[in-house]
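Participant: Based on the hints, put chain E in the right spot on chain Z.
There are 2 protein chains.
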Amino acid sequence: MPSSSLSDRGARAAATPLRIDYDAFREAEADLFHPTTNPSGKIPLNIAENRLSWPELKSRIEAIAAGEEIADWVPGYTSTRGAPAFREALASFFSQHLAGEPMDPQRFVVSAGATGVIEMTALVLAEAGDVAVIPAPCYPVYERDIANVAGMERYDLVTRSAEGGLADATDFTIPDLEAARSEIESAGKRFRMLILTTPNNPTGGILGVDQLEAVADWCVARKIHLVVNEIYGLSLIDTRHPAIASEYVEHRVFTSFAGMIADRDCDYLHLWYALSKDLGISGFRVGMAYSHNEDFLTGYANLNLTHSVSNHTQWLLSHLLADADFMTGYVSRNKDRLTEAYVFVAGALRSMGVSYVPSRGSLFAWINLSEFLEDDSEEGELALWRDLFDTTGVLLTPGVGFGHACHGLFRVVYPCVSHEALAEAMRRLAGFVRGRRAR
Amino acid sequence: MPSSSLSDRGARAAATPLRIDYDAFREAEADLFHPTTNPSGKIPLNIAENRLSWPELKSRIEAIAAGEEIADWVPGYTSTRGAPAFREALASFFSQHLAGEPMDPQRFVVSAGATGVIEMTALVLAEAGDVAVIPAPCYPVYERDIANVAGMERYDLVTRSAEGGLADATDFTIPDLEAARSEIESAGKRFRMLILTTPNNPTGGILGVDQLEAVADWCVARKIHLVVNEIYGLSLIDTRHPAIASEYVEHRVFTSFAGMIADRDCDYLHLWYALSKDLGISGFRVGMAYSHNEDFLTGYANLNLTHSVSNHTQWLLSHLLADADFMTGYVSRNKDRLTEAYVFVAGALRSMGVSYVPSRGSLFAWINLSEFLEDDSEEGELALWRDLFDTTGVLLTPGVGFGHACHGLFRVVYPCVSHEALAEAMRRLAGFVRGRRAR
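Read top to bottom, the protein sequences are chains Z and E. Going by the numbering used here, the first residue of the first sequence is number 906, and it counts up by one from there. Going by the numbering used here, the first residue of the second sequence is number 906, and it counts up by one from there.
These aren't lab readings, by the way, just hints derived from the structure by calculation. Careful, some of the hints might be misleading.
In this list, chains with the same sequence are indistinguishable; a pair is considered to hold if it fits within one copy or across any two.
Stated by the list, open to error - Simulated crosslink set (EDC-like; lysine to aspartate or glutamate; CA at most 16 angstroms straight-line):
#1 K1094 - D1061
#2 K1094 - E1083
#3 K963 - D977
#4 K963 - E974
#5 K1094 - E1058
#6 K1128 - E1032
#7 K1128 - D1170
Only chain Z is shown next, with the shape it has when bound in the complex:
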């Protein structure tokens, strides 16, 4: 622990890097691959960013900034729920592209990025020590986001299929939830919140409508908050693409939780969204929660000034989202680009003989390299991860922290680099795999 000039929590934070792959990422950034100027450089595939559609979006944003006069409300304080103009554009966009039905801008609250929304939601809904259940494998940083200021604990619900290795984390059942609840309550704690992510990070799994409905009813009956995170809701893979269609047992359609919230109109159902992934602008730090719980929205708003989003950014993005024609085209083209990159990676993995979860959405391939573990443990996994990076310059995210029981699984972010860099990364990974198998 660093010096006592800090609080205990401050000292803990100072001693805890943001993420396990942070230092390696800084190394990679200092020596980035470039096809001509640095062909042996590093290729980080560990940050959940979609860079494929940025050129298109950038032009549009520059055109708005050049063509529109900054609105009068931008320099001053606005609603701590988010600027009304932005929430209107957002509700309209979300209605059209995700919910498929009208949504009330008054039921949105906006914060600095998804991570800000998660922190705020935990703060307003849960006491310190309360437990959030998250089907595994799932996003490691939930743990920090619900704990840092809210003091919530994470419980990883390892689904049966995931016990065996690769699985898309969608196959949990009501009895699984009951079992988790018993275990949590036996430990003298409270199962306060269930967090579902669909499409899932890292597996790309999508929850079915019947499953969501059943889980929602189960949660409502038990006064457990159910939050569905749809941050990858428009980052969808076309599972009917001929190169991959045969890998899917069924062709699930993503269905937003918004309609189920509206149908039930109760205090325990909520939705998270952000523009970070679907628009590839995590740097703009725009996240939001949607709920029919008026007290939640009011309490949230009264604490949210410290997490608020620049009005200038809200203003700019309200113009962007309100351009329905552009956004419709963008969403479609972005999906095509994602599918194309995914198809490429899936093909490369197949030809290496590396297994992966057939993805329906999100920005990831969730792959199994456990055959190369020298030691079937967390240490073994980290050693393999580091070895892969040192040998090939390809930086993945190790499975540790995603909350499941197996070792040797890794997350590959495929739309965060150019096609050339991705192709080079797959070539190097194939070489690594061949070399290891030949040992």
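Facilitator: Structure of chain E alone, referenced to chain Z:
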């Protein structure tokens, strides 16, 4: 308390409006004064915004957005300390206009507005239950900012001159601090932090260099964190202006705490700043802390993703701040505009026979209407405040919450409306004063 679907802190937040004058402000906003279209409309002078220089700044910001290509780092994740390019521009700006000596961009951390910086600082430096001492009268919302997530308590150090009514809150002494410390420790608590605001909100007082030096040494010797908030550091009144010069016993020059931090190079001295007031862009939500405490900066950065500022805004403002010629002219013209508006308000108050603290900076006149109290109590003050609003449509901020002992003091924000609106507000206030005295 609202429904039990929230946590205790969430329910508390839902039941506690952001500020005492919030509802009245919404009323005022719905019926705003306009010289021709709504001459009997409301004139809110209670939000700490400087609108006088926005037209100039807006043009410059629009020109940057129209002329510059968005940098590659904008859409992605950047340092949680703040984007390096922005911290460089900020350090350079702060050095030139406030510190007068070079500052290291690595010693800045950037968060969503001053309020985000205050919350983060309290979280990293103090345990829940620790006490922050604040010379009174001072900014009411400090109380929420240090308590909401960090759980700190506010202790108002009422300076001797302030006991009698109007005072600029700069006359506290080391024995005053010793007395506060004894009282806090007798209650079994810890005096963890001293927060000074210079220029002060609401009094416009400026701390002298000798005083700051002495207080800094006292704090360092006792391992008490001293944070100096210079958010109004460039919002200065020209106290040599002929219409007001005679009101000042001395013509103090504002001196930034930055140099004293550099001289002492220790873990217990910190500085807060924000672009909200000096640039009149509170809506852009850009605040920052500066410190030589490396652990503080690291711990802060590791918790700061939830409080981070839009990269697009950081990018835009880095271009703005880096334009040294423009900023130098802007700072000077803004000071002229502030002084002009202040001189007008001071003259109006003098002609009404309403006393006020001669201001050296910030956006406020701190005035005494206690002669009109029907009841010398908090309730009496709120009744007078509401009566003034109902009678005249002029909305001030009541002194309750600023932490001093007297009733009947009010804060007037003078640069938040046009000159016409300000003149109308002063006419109405004069009428109110005349009417009350004639009763």
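Participant: Indicate, hint by hint, whether the structure satisfies it.
Facilitator: Outcome of the hint check:
no.	hint	in the structure
1	K1094 - D1061	within (15 angstroms within a copy, 39 angstroms between copies)
2	K1094 - E1083	within (14 angstroms within a copy, 44 angstroms between copies)
3	K963 - D977	between (24 angstroms within a copy, 10 angstroms between copies)
4	K963 - E974	between (18 angstroms within a copy, 9 angstroms between copies)
5	K1094 - E1058	within (10 angstroms within a copy, 29 angstroms between copies)
6	K1128 - E1032	within (14 angstroms within a copy, 32 angstroms between copies)
7	K1128 - D1170	within (14 angstroms within a copy, 52 angstroms between copies)
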